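Q: Put chain B with the ligands on the given structure of chain A with help from the hints.
Those protein sequence lines, which keep their order, are chains A and B.
Read the first sequence against my numbering and you will find it ends at 720, with the numbers running on by one and no gaps.
Read the second sequence against my numbering and you will find it ends at 883, with the numbers running on by one and no gaps.
A portion of the hints provided could be inaccurate.
[Unchecked claim] The following label-pair restraints were derived from C-beta to C-beta distances:
#1 LEU544/A with ASP803/B: 20 to 28 Å
#2 ARG653/A with ASP741/B: 15 to 23 Å
#3 LEU605/A with MET878/B: 45 to 53 Å
#4 PRO241/A with ILE782/B: 27 to 35 Å
[Claimed, not checked] No more than 35 Å apart at the CA atoms, straight line, and that leaves these computed lysine-lysine pairs for DSBU-like:
#5 LYS239/A with LYS35/A
#6 LYS239/A with LYS726/B
#7 LYS319/A with LYS715/A
#8 LYS676/A with LYS814/B
#9 LYS231/A with LYS814/B
#10 LYS239/A with LYS872/B
#11 LYS239/A with LYS814/B
#12 LYS791/B with LYS561/A
#13 LYS192/A with LYS182/A
#14 LYS872/B with LYS319/A
#15 LYS436/A with LYS791/B
#16 LYS726/B with LYS231/A
By construction, these hints were calculated from the structure, which means they are not laboratory data.
All values derive from a computational prediction rather than experimental measurement.
Think of the CB as a built atom: it goes at the ideal place given N, C-alpha and C, for glycine as much as any other residue.
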Amino acid sequence: MSGKPDFQIPLEPERYELSAPPAYRFEVDRREFFKFLGAGILIVGVLKNAHALQESGAVRRTDESLPKEIGAWLHLGENSVVTVYTGKVEVGQNIRTSLSQCVAEELHVPVNRIQMVMGDTQLTPFDMGTFGSRTTPTMSPQLRKVAAAARDLLIGLAAAEWQTDRKRLVAVDGRVTDPGTKRSLEYAVLVKGQQLTQTISTEEPLIPATQWTVQGQSLPKVDGRDFVTGKHRYPSDQKLPEMLHGKILRPTSFGATLVSIDTHEAEQIPGVTVVRDGNFVGVVAPNAEIASRAVAAIRAKWKAEPQPSNKELFEYLKKNATAGKDPTGDASRYEAGSVEKAQASADHRLQQTYTVSYIAHAPLEPRAALAQWSGDNLTVWTGTQRPFGVRSELAEAFRIPEESVRVLMPDTGSGYGGKHTGEAAIEAARLARTAKRPVKLVWTREEAFTWAYFRPAGVIEVSSGLRGDGTIAAWEFHNYNSGAAGIRTYYDIANQRIEFHPSRSPLRQGSYRALAATANHFARESFMDELAHLVNMDPLEFRLKNLKNERLRAVFEAAAKKFGWGQAKAASHGFGMGGGFEKAGNIATCAEVAVDRKSGEVKVLRVLSAFECGAIVNPDNLRNQIEGSNIMGLGGALFEAIEFENGRVLNGRFSSYRVPRFSDVPTIETVLLDRKDIPSAGAGECPMVGLAPAIGNAIFDATGVRLRSLPMVPKGLKAA
Amino acid sequence: MAQVTKLNVNGSSCTIDADADSSLLSVLRDQLDLTGSKYGCGEGQCGACTVLIDGSPRRSCITPVGLVGQKQITTIEGLAQGDRLHPLQEAFLKEAAMQCAYCTSGMIMTAVSLLRVNPNPSAADISHSMEGNICRCGTHPRIVAAIQRAAKTMNRSMKESGQ
Ligand code: FES
Ligand code: FES
Numbered sequence: 001m002s003g004k005p006d007f008q009i010p011l012e013p014e015r016y017e018l019s020a021p022p023a024y025r026f027e028v029d030r031r032e033f034f035k036f037l038g039a040g041i042l043i044v045g046v047l048k049n050a051h052a053l054q055e056s057g058a059v060r061r062t063d064e065s066l067p068k069e070i071g072a073w074l075h076l077g078e079n080s081v082v083t084v085y086t087g088k089v090e091v092g093q094n095i096r097t098s099l100s101q102c103v104a105e106e107l108h109v110p111v112n113r114i115q116m117v118m119g120d121t122q123l124t125p126f127d128m129g130t131f132g133s134r135t136t137p138t139m140s141p142q143l144r145k146v147a148a149a150a151r152d153l154l155i156g157l158a159a160a161e162w163q164t165d166r167k168r169l170v171a172v173d174g175r176v177t178d179p180g181t182k183r184s185l186e187y188a189v190l191v192k193g194q195q196l197t198q199t200i201s202t203e204e205p206l207i208p209a210t211q212w213t214v215q216g217q218s219l220p221k222v223d224g225r226d227f228v229t230g231k232h233r234y235p236s237d238q239k240l241p242e243m244l245h246g247k248i249l250r251p252t253s254f255g256a257t258l259v260s261i262d263t264h265e266a267e268q269i270p271g272v273t274v275v276r277d278g279n280f281v282g283v284v285a286p287n288a289e290i291a292s293r294a295v296a297a298i299r300a301k302w303k304a305e306p307q308p309s310n311k312e313l314f315e316y317l318k319k320n321a322t323a324g325k326d327p328t329g330d331a332s333r334y335e336a337g338s339v340e341k342a343q344a345s346a347d348h349r350l351q352q353t354y355t356v357s358y359i360a361h362a363p364l365e366p367r368a369a370l371a372q373w374s375g376d377n378l379t380v381w382t383g384t385q386r387p388f389g390v391r392s393e394l395a396e397a398f399r400i401p402e403e404s405v406r407v408l409m410p411d412t413g414s415g416y417g418g419k420h421t422g423e424a425a426i427e428a429a430r431l432a433r434t435a436k437r438p439v440k441l442v443w444t445r446e447e448a449f450t451w452a453y454f455r456p457a458g459v460i461e462v463s464s465g466l467r468g469d470g471t472i473a474a475w476e477f478h479n480y481n482s483g484a485a486g487i488r489t490y491y492d493i494a495n496q497r498i499e500f501h502p503s504r505s506p507l508r509q510g511s512y513r514a515l516a517a518t519a520n521h522f523a524r525e526s527f528m529d530e531l532a533h534l535v536n537m538d539p540l541e542f543r544l545k546n547l548k549n550e551r552l553r554a555v556f557e558a559a560a561k562k563f564g565w566g567q568a569k570a571a572s573h574g575f576g577m578g579g580g581f582e583k584a585g586n587i588a589t590c591a592e593v594a595v596d597r598k599s600g601e602v603k604v605l606r607v608l609s610a611f612e613c614g615a616i617v618n619p620d621n622l623r624n625q626i627e628g629s630n631i632m633g634l635g636g637a638l639f640e641a642i643e644f645e646n647g648r649v650l651n652g653r654f655s656s657y658r659v660p661r662f663s664d665v666p667t668i669e670t671v672l673l674d675r676k677d678i679p680s681a682g683a684g685e686c687p688m689v690g691l692a693p694a695i696g697n698a699i700f701d702a703t704g705v706r707l708r709s710l711p712m713v714p715k716g717l718k719a720a
Numbered sequence: 721m722a723q724v725t726k727l728n729v730n731g732s733s734c735t736i737d738a739d740a741d742s743s744l745l746s747v748l749r750d751q752l753d754l755t756g757s758k759y760g761c762g763e764g765q766c767g768a769c770t771v772l773i774d775g776s777p778r779r780s781c782i783t784p785v786g787l788v789g790q791k792q793i794t795t796i797e798g799l800a801q802g803d804r805l806h807p808l809q810e811a812f813l814k815e816a817a818m819q820c821a822y823c824t825s826g827m828i829m830t831a832v833s834l835l836r837v838n839p840n841p842s843a844a845d846i847s848h849s850m851e852g853n854i855c856r857c858g859t860h861p862r863i864v865a866a867i868q869r870a871a872k873t874m875n876r877s878m879k880e881s882g883q
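Same shape as in the complex, but just chain A:
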């Protein structure tokens, strides 16, 4: 059963990664390339299969044959600089470094000679976006193949030069060498005056993980110095001569329409222009403070329909759920055996409901864009995980061809799935169009909390029947609204019914690190703990009894061992575990909490995660990602929740929306299981899913109180 990636339900990204991709349009003009980059060699990597298109939108194209797509290209010039072009983007997951490592490995050049051009729609090949932990499994092998092809081409050039058999030659440290004769030539010399292009598909020989020398190492961030000196220019730091600053007049609530507006006073402020286009109202001004003042001076009346609040959220989601569809035609439903029969003959039965709130991504850099028109051509610098998606949005918004739009994505102050859409880019471009000058727009923190989108809230109902020996006989699992990612169980259960029920969401919702896998794992792994207690079994033993998947067993066992599962602990302390399989990675997390029953304070003291995602590319960066997932996950587990009422967010600031801070952070340990025989998978998401259930189960262990809603203790643990 589980362990194979094919058991994932391919439904959720369609809805939860937001918006469809544009029709593919991309042409490589090689002559242009050499003109631009100078002589050398150019390797173009063509993707072979639909998988490389990744989840979003690709779903609907699976039964058509896909056009061949360019995945990446690489140029090696006479100055011996290697320039690699990929549509992937850097948002803190450190792929600028890990992808450089892949290229360095195959091409045998020092990492500092590699320049990565990322997420520039004019220069880099089309890419669906950087999400879903797809960079490591798809882009890394692509780049490795492209780099390997470059190496082979160079060896071929040297062989021709020396009129010798290429098999005698090796590539080492930026040169091709003939070990027999000790002759050797630098790459830069070999490519001098050349304009060679090679297009490769796949199947180039690759260096197996067991022989890696650059990959598998903890390489520091390649451009780290620019970050610690403040030199790096994030999207919100971009500037152009003559640039103006923009600001948008926001409606008073979601979905509101403009009834009347008076902009007279704002227009009296020197340097201010008001731009109005239907419901879109914004201003441009010489600086951001004047722009804010001008927006504040606009008098507008809005009207909106009444909307639900977070108090009635869960009933609302259930009430508005779409009815279950025909099981045969709907991938969001899975059925095996007969749940009814198994339930009827079970020795123990249990049913529970879990809920998760909406939460915000709140990346520390808010949405930002700088837009510039030149005639009908538009250039926008913006922070997004989908530069090509934003390009389509812009083309559509302004009714211009995609070829007229260039989107550039400077390495950004993170995203966590929260920067897939191009609102800030469109707003800045609309203002710039009227202003006839470049316009920069940086959302305020409140705007970012309100006008982006949220991780979906949801209700999850689980029921199960057990045999006396602890075997799970029946399993029924219904998720309302939060999403289908990670909905299937990896435990071996003969009779199952699993269903995702989309609903009408009161708030705009979209992608979030690990998508619904966090919610589904929270419900499943908390419920597993409840079942274990129902039959008086140790939660680890109970899991292993119902789990065949070797890789998942291995992480559970490794985590338990290192954590000291089953050992003595202080009186008010509790141990808990949670884990699972997501995005081709396996995680098991153990947590120790201390609960002060008087004050209600819950303190997470210690978290240990065992993780395995195939061959490890950069161990320290992997640890960094696992630690980060666990720390970010603390917020959603313990206290993060968007409060809203009648179309307004009530806590859209860091002073009212609590995020994890230094004092919240427990001791975090990671155990990495390196499986050199398994292709590397991404790691930015999976590690997150074990944390919330581990904490909830630990709180139960400490207090006997079972918490079934995320966040679990926004106001501490109430006296029970």
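A: Chain B with the ligands in isolation, oriented as in the chain A frame:
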């Protein structure tokens, strides 16, 4: 409205033209092109905009430029000496104490003043002093390690230069 025309930043006197109630952050970023100090919240909650004013950490987003007067402002851009990084900058690199690094300059500036006041902070001291700085990527343990590493380096070089 009163205008401010001079500011001492990173050891030099700079000419600006700003309303006294403009935030120091916007003046640094927009007029002096010192974009290393970041906007994260605008309400003193995240620390991304932290600069030193006469050595003390200040949230530049809520500091009106008119209140700074002729005090000395240090931003992240003014920390390295030529090519030589400040020990905290080195330590953040060594410990890989960053992911997106948007919080990094504010973290480093807050830590500079912490080490000035407390050259040997415990992990708990660090966590206490850094509480006002948000890192959404969750690099907190590494930041603590980096500050401790820098403390060691700085104490060692203090001793050496004292001998
Ligand atoms: S931007 Fe100043 S504290 Fe957040
Ligand atoms: S590294 Fe991204 S916010 Fe700290």
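Q: Are the Cα positions of LYS239/A and LYS35/A separated by 35 Å at most?
A: OK: LYS239/A and LYS35/A at ~27 Å, within 35 Å.
Q: Checking one constraint from the list: CA of LYS319/A to CA of LYS715/A, max 35 Å. Satisfied?
A: Holds: LYS319/A and LYS715/A sit about 28 Å apart, inside 35 Å.
Q: CA of LYS676/A to CA of LYS814/B, is that 35 Å or under?
A: Status holds; Cα separation ~27 Å.
Q: Would you check the hint for LYS726/B and LYS231/A, treating anything up to 35 Å between C-alpha atoms as holding?
A: 24 Å, holds
Q: Under the criterion that the straight-line Cα-Cα distance not exceed 35 Å, is the pair LYS192/A, LYS182/A satisfied?
A: Judged against 35 Å, a Cα distance of about 21 Å means the pair holds.
Q: Under the criterion that the straight-line Cα-Cα distance not exceed 35 Å, is the pair LYS231/A, LYS814/B satisfied?
A: 18 Å, holds
Q: Take the C-alpha atoms of LYS239/A and LYS814/B, compute the straight-line distance between them, and say whether it is at most 35 Å.
A: Between LYS239/A and LYS814/B the Cα gap is close to 31 Å, so the pair holds against 35 Å.
Q: Straight-line Cα separation of LYS239/A and LYS726/B no greater than 35 Å?
A: 23 Å, holds
Q: Taking the beta carbons of PRO241/A and ILE782/B, is their distance inside 27 to 35 Å?
A: 30 Å, holds
Q: Below or equal to 35 Å on CA atoms is what counts here, so check LYS872/B against LYS319/A.
A: 60 Å, violated
Q: Mind checking the hinted window 45 to 53 Å against the Cβ distance between LEU605/A and MET878/B?
A: Given about 35 Å between the Cβ atoms, the range is violated.
Q: Verify the proposed pairing of LYS791/B with LYS561/A, using a straight-line Cα cut of 35 Å.
A: 56 Å, violated
Against the hints set out earlier in the document, violations occur for numbers 1, 3, 10, 12, 14, 15.
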